[in-house]
Amino acid sequence: MSREQLAVQRARKSFQTGKSKPLQYRIHQLKCLQRFLTERQKDIADAVKKDLYKTQHGTELYETLGLEGEINLAIEKLAEWAAPRPVEKNLLTVLDEVYVQPEPLGVVLIIGAWNYPWAITLQPLVGAIAAGNAAVIKPSEVSSHSSKVMEELLPLYLDKDLYPVVTGGVSETQELLKQRFDHVFYTGSSSVGRAVMEAAARHLTPVTLELGGKSPCYIDKNCDLSVACRRITWGKFVNCGQTCIAPDYILCEPSIQNQVVEEIRKVIKEFYTDDPKTFDDYGRIINQRHFKRVMALMEGSTIAIGGDSDESECYIAPTVLKDVTAESKVMQEEVFGPVLPIITVSGIEEAIQFINEREKPLVVYVFSPDNKLIRRVIAETSSGALLANDCLIHYTISALPFGGVGNSGMGCYHGKHSFDQLSHLRSCLIKKLNMEGANNMRYPPHTASKLGWARFLLLKKVNVGRLRRMAILATLAALAAFVVQVQSSLDI
Amino acid sequence: MERQALQRTREVFLSGRTRPLEFRLQQLKALLTMITERQTEICTALKQDINRSQYDTPLLELIGLENEINLAIEKLAEWAAPRPVEKNILTISDEVYIQPEPLGVVLIIGAWNYPWAVTLTPLVGAIAAGNAAVVKPSELSEYSSLLLRALLPRYLDQDLYPVVLGGVSETQELLKQRFDHIFYTGSSSVGRAVMEAAARHLTPVTLELGGKSPCYIDKNCDLRVACRRITWGKFANCGQTCIAPDYILCEPCIQSRVVEGIRQTLLEFYGADPKCSPDYGRIVNQHHFNRVMGLMQGYTAVLGGQSDASQRYIAPTVLKDVPPHSRLMQEEIFGPLLPIVTVSDMDDAIRFINEREKPLALYVFCSDKKAVKRMLDETTSGGVTVNDVMMHYTLSSLPFGGVGQSGMGRYHGKHTFDQLSHQRACLVRSLGMESVNLARYPPQDRKRARRVRMALRSPMIDLSKRTYVWAVTATVLALGLLIALMVILLIAAGLNCTCWYWRGFYN
Numbered sequence: 001m002s003r004e005q006l007a008v009q010r011a012r013k014s015f016q017t018g019k020s021k022p023l024q025y026r027i028h029q030l031k032c033l034q035r036f037l038t039e040r041q042k043d044i045a046d047a048v049k050k051d052l053y054k055t056q057h058g059t060e061l062y063e064t065l066g067l068e069g070e071i072n073l074a075i076e077k078l079a080e081w082a083a084p085r086p087v088e089k090n091l092l093t094v095l096d097e098v099y100v101q102p103e104p105l106g107v108v109l110i111i112g113a114w115n116y117p118w119a120i121t122l123q124p125l126v127g128a129i130a131a132g133n134a135a136v137i138k139p140s141e142v143s144s145h146s147s148k149v150m151e152e153l154l155p156l157y158l159d160k161d162l163y164p165v166v167t168g169g170v171s172e173t174q175e176l177l178k179q180r181f182d183h184v185f186y187t188g189s190s191s192v193g194r195a196v197m198e199a200a201a202r203h204l205t206p207v208t209l210e211l212g213g214k215s216p217c218y219i220d221k222n223c224d225l226s227v228a229c230r231r232i233t234w235g236k237f238v239n240c241g242q243t244c245i246a247p248d249y250i251l252c253e254p255s256i257q258n259q260v261v262e263e264i265r266k267v268i269k270e271f272y273t274d275d276p277k278t279f280d281d282y283g284r285i286i287n288q289r290h291f292k293r294v295m296a297l298m299e300g301s302t303i304a305i306g307g308d309s310d311e312s313e314c315y316i317a318p319t320v321l322k323d324v325t326a327e328s329k330v331m332q333e334e335v336f337g338p339v340l341p342i343i344t345v346s347g348i349e350e351a352i353q354f355i356n357e358r359e360k361p362l363v364v365y366v367f368s369p370d371n372k373l374i375r376r377v378i379a380e381t382s383s384g385a386l387l388a389n390d391c392l393i394h395y396t397i398s399a400l401p402f403g404g405v406g407n408s409g410m411g412c413y414h415g416k417h418s419f420d421q422l423s424h425l426r427s428c429l430i431k432k433l434n435m436e437g438a439n440n441m442r443y444p445p446h447t448a449s450k451l452g453w454a455r456f457l458l459l460k461k462v463n464v465g466r467l468r469r470m471a472i473l474a475t476l477a478a479l480a481a482f483v484v485q486v487q488s489s490l491d492i
Numbered sequence: 001m002e003r004q005a006l007q008r009t010r011e012v013f014l015s016g017r018t019r020p021l022e023f024r025l026q027q028l029k030a031l032l033t034m035i036t037e038r039q040t041e042i043c044t045a046l047k048q049d050i051n052r053s054q055y056d057t058p059l060l061e062l063i064g065l066e067n068e069i070n071l072a073i074e075k076l077a078e079w080a081a082p083r084p085v086e087k088n089i090l091t092i093s094d095e096v097y098i099q100p101e102p103l104g105v106v107l108i109i110g111a112w113n114y115p116w117a118v119t120l121t122p123l124v125g126a127i128a129a130g131n132a133a134v135v136k137p138s139e140l141s142e143y144s145s146l147l148l149r150a151l152l153p154r155y156l157d158q159d160l161y162p163v164v165l166g167g168v169s170e171t172q173e174l175l176k177q178r179f180d181h182i183f184y185t186g187s188s189s190v191g192r193a194v195m196e197a198a199a200r201h202l203t204p205v206t207l208e209l210g211g212k213s214p215c216y217i218d219k220n221c222d223l224r225v226a227c228r229r230i231t232w233g234k235f236a237n238c239g240q241t242c243i244a245p246d247y248i249l250c251e252p253c254i255q256s257r258v259v260e261g262i263r264q265t266l267l268e269f270y271g272a273d274p275k276c277s278p279d280y281g282r283i284v285n286q287h288h289f290n291r292v293m294g295l296m297q298g299y300t301a302v303l304g305g306q307s308d309a310s311q312r313y314i315a316p317t318v319l320k321d322v323p324p325h326s327r328l329m330q331e332e333i334f335g336p337l338l339p340i341v342t343v344s345d346m347d348d349a350i351r352f353i354n355e356r357e358k359p360l361a362l363y364v365f366c367s368d369k370k371a372v373k374r375m376l377d378e379t380t381s382g383g384v385t386v387n388d389v390m391m392h393y394t395l396s397s398l399p400f401g402g403v404g405q406s407g408m409g410r411y412h413g414k415h416t417f418d419q420l421s422h423q424r425a426c427l428v429r430s431l432g433m434e435s436v437n438l439a440r441y442p443p444q445d446r447k448r449a450r451r452v453r454m455a456l457r458s459p460m461i462d463l464s465k466r467t468y469v470w471a472v473t474a475t476v477l478a479l480g481l482l483i484a485l486m487v488i489l490l491i492a493a494g495l496n497c498t499c500w501y502w503r504g505f506y507n
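Those sequence lines, one after another, are chains Z and D. Here the first sequence is numbered in the numbering used here, starting from 1 and rising by one per residue. Here the second sequence is numbered in the numbering used here, starting from 1 and rising by one per residue.
This is chain Z alone, in the form it adopts within the complex (with noise of 0.2 Å):
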């Protein structure tokens, strides 16, 4: 048996025991991870510098506060997650308990990406420890030295069986995807997003990916082109543009091309300083590979600012393209990396042609003051999330459900949308064996008067709150008169 087969069932026999069914388990769980954030907040750090040059507070910043404010909300609210939930009776079930309970589906597969090795890969992970799963956790190979720290040190805080770190290239992604999950969340590009669906349609099982695709920045004329440079800048060269959510590229009209490269050589330099290179805070393209690909995205176009590299250290400096067109070679796929061209439209019609002519994107961002423009581009595009004047930071707000949609993705997570992704909601009818004589309506021998009560029964709608709220009222009002009656009465 491979290693991961071993792993897989290891998990499932410790799921299958009913170790994470309790609520308590689950929450020390939880707390275990959080005190690993902790503790190892250091290695952590180490291995996101040497995979991605980012300084510890960027780490802090971009991985793991969001990780421990994941962690905190799901403990603060699993016992509620977790209660079963109430639903809407009609007159039939009007004296039956109807609800739906929250469940664990049983071996989740967890497969990381690199761009942000530890918020990716154990976010999924703590909605999945909440909704009382196990889980397999596969970091993503090309982060090596985050992987490498979260298969060694991740088992001395959380259950070695039921989340065990299988670490690995594509081959052994593949052996693992052969294995039966009762879930895969998958992040990661688009090509093998399909793969990992049609591994998982073998054993019919759900998935949730989250891919990417090229996100369209639109900047109106008109608004406050310093404040939007300034936020596209720091959303697009974040993580040195490795982010699926960063702005892909910009949309704006030619009068205000010029105006936009220079607000954003002025934001350049006041973050990364007129020598990106040498400044902490600018990160480097994950390897070789990837730095080849987004050097030779920039062929054919002609660059605005930047430009310049360094492939012995993966450093490409914060670049902007001008006058791009739609058969630009960076056009052609999600860039991924510090490349920000720019397009121009005649205005938001074109833009948002433009937008809709392609595949359905993670984000549209839009930068406008013009309210009506804004519910324009909402009315008429089609995206995983829209976020109008500021970049990426929905990603931060856990009551928002983050995900794609069509090429982009499928499901989404975040907060109490992770539990619900990582859970089989059951719908549960309790009734009692008593008044039989109300089911006679059903049962053959079948006559119009039965199926007449059949139709008064069945489609009559019932607000039990609002009977209740009535039932209290009626209450109050008896008292009140009863009171009054009593007063009364002790005046005479």
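In short, the hints are calculated from the structure, not lab data. Even glycine gets a Cβ: it sits at the ideal position worked out from N, Cα and C.
Quick list of in silico lysine to aspartate or glutamate cross-link-like pairs, EDC-like style, CA-CA up to 20 Å:
| # | chain 1 | residue 1 | chain 2 | residue 2 |
| --- | --- | --- | --- | --- |
| 1 | Z | Lys266 | Z | Asp281 |
| 2 | Z | Lys21 | D | Glu355 |
| 3 | Z | Lys450 | D | Glu268 |
| 4 | D | Lys176 | Z | Glu198 |
| 5 | Z | Lys221 | D | Glu434 |
| 6 | Z | Lys13 | D | Asp377 |
| 7 | Z | Lys13 | D | Glu355 |
| 8 | Z | Lys432 | D | Asp377 |
| 9 | Z | Lys178 | D | Glu357 |
| 10 | Z | Lys450 | D | Asp279 |
| 11 | D | Lys75 | Z | Glu88 |
| 12 | Z | Lys42 | D | Asp445 |
| 13 | D | Lys447 | Z | Glu270 |
| 14 | Z | Lys19 | D | Asp377 |
| 15 | Z | Lys49 | D | Asp445 |
| 16 | D | Lys176 | Z | Glu359 |
| 17 | Z | Lys148 | Z | Asp161 |
| 18 | Z | Lys13 | D | Glu378 |
| 19 | Z | Lys21 | D | Asp377 |
| 20 | Z | Lys450 | D | Glu66 |
Okay, the calculated bits of chain D under chain Z, using three or more residues with CB under 8 Å as the criterion:
| # | segment |
| --- | --- |
| 21 | 181 to 194 |
| 22 | 200 to 207 |
| 23 | 397 to 404 |
Keeping the supplied structure of chain Z fixed, place chain D upon it in accordance with the hints.
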């Protein structure tokens, strides 16, 4: 379906025709008119397909469908409206909400056992959510699909909701095309193929599949009532229901009483000869007739067992002491055969259920609340009905779907709308207050990091309307009580104390 026809549907969708709620409401009302006006024709088609009685069709299919359409019409504005969510300190002055949006073109593949309910209920959700939909009814319910093909274009928009007929090869052709969601009801084996085909286009799927739904009868419950309800659920539509109780689990001591209870009920429902009862159905075709008959081979029925191939009639049949490894227990029966498997107690039953694939439904007949709770805690299934069968299907507020091999995704009521929509996260900020953002920009240092940490760790604030109303009401009530208290105190202080004392003493 030709590529051009699908292209046309997509073009019309992209033109935005389905976006206004009025259009969707109009289509839903038209669908409702279709089912109510054409009820007789629908009943006739079903009689020809599956020998369904004229009362069973509205009872089992059409009333539920009407319910769904009425609910969608009533609630559409509410469902399609933006849904505000909890904010945090950073977003307190922003608009944060989830906007439901149409997905695009949905493919609905129906089944033959309830051809109208199973094919049109997803369509209700598709229309409500603003999608276009290609409707592919099952070729096995021939008359119903032909009727649907004839009727639907006369009531609904012909470009947006085309009906495609055909068998396996036409379905495979359809599945090669790209859709934005595929909604399939049918068997697990075909479900696998549907999901594999969908994977090639990264199309999300809802699969309503099947399985063997166990029905556990506790020895201490009212067996007469239990058997009555089980008999109804099992033999309705001649057992061809995805949520029919597939097999019974009970202790050996009550097995004969269970058989007796079922026998009496069958007599009451269908008379001495079910073949002559207008309410008893037939198997849909020869292939399934042979399949179900084959399952019985080698076992003697304790009730029923008769059949007539020319009519595809199989009598309501009960088999007792069925061994767990028998053919009867290897596949979903989907016919009027009810095996009884004996187990030593509830724990044995739980173990039996858990050894098998997760079923679509679980039924438990038991009067002991604690025991029921234990059974539910230790097993899993798509849905559960305790002390009855199938009824969780009738409540549209309960999500209906399977888990594991019995399916993925769910629908009914608002759940259909949500399943066939994209829930788009929207955050609308303003370009002002840039100073608040300073902490997140490079260069990153300790002070900035601390500020960000504080902001991100702030508790979430629920600024939804309901909380606002509650807060205002609570404040008003509290003030009211405070004033009342002060008034009482003033009165008590103002009045002569001995006056009260005297009253109380002498009354």
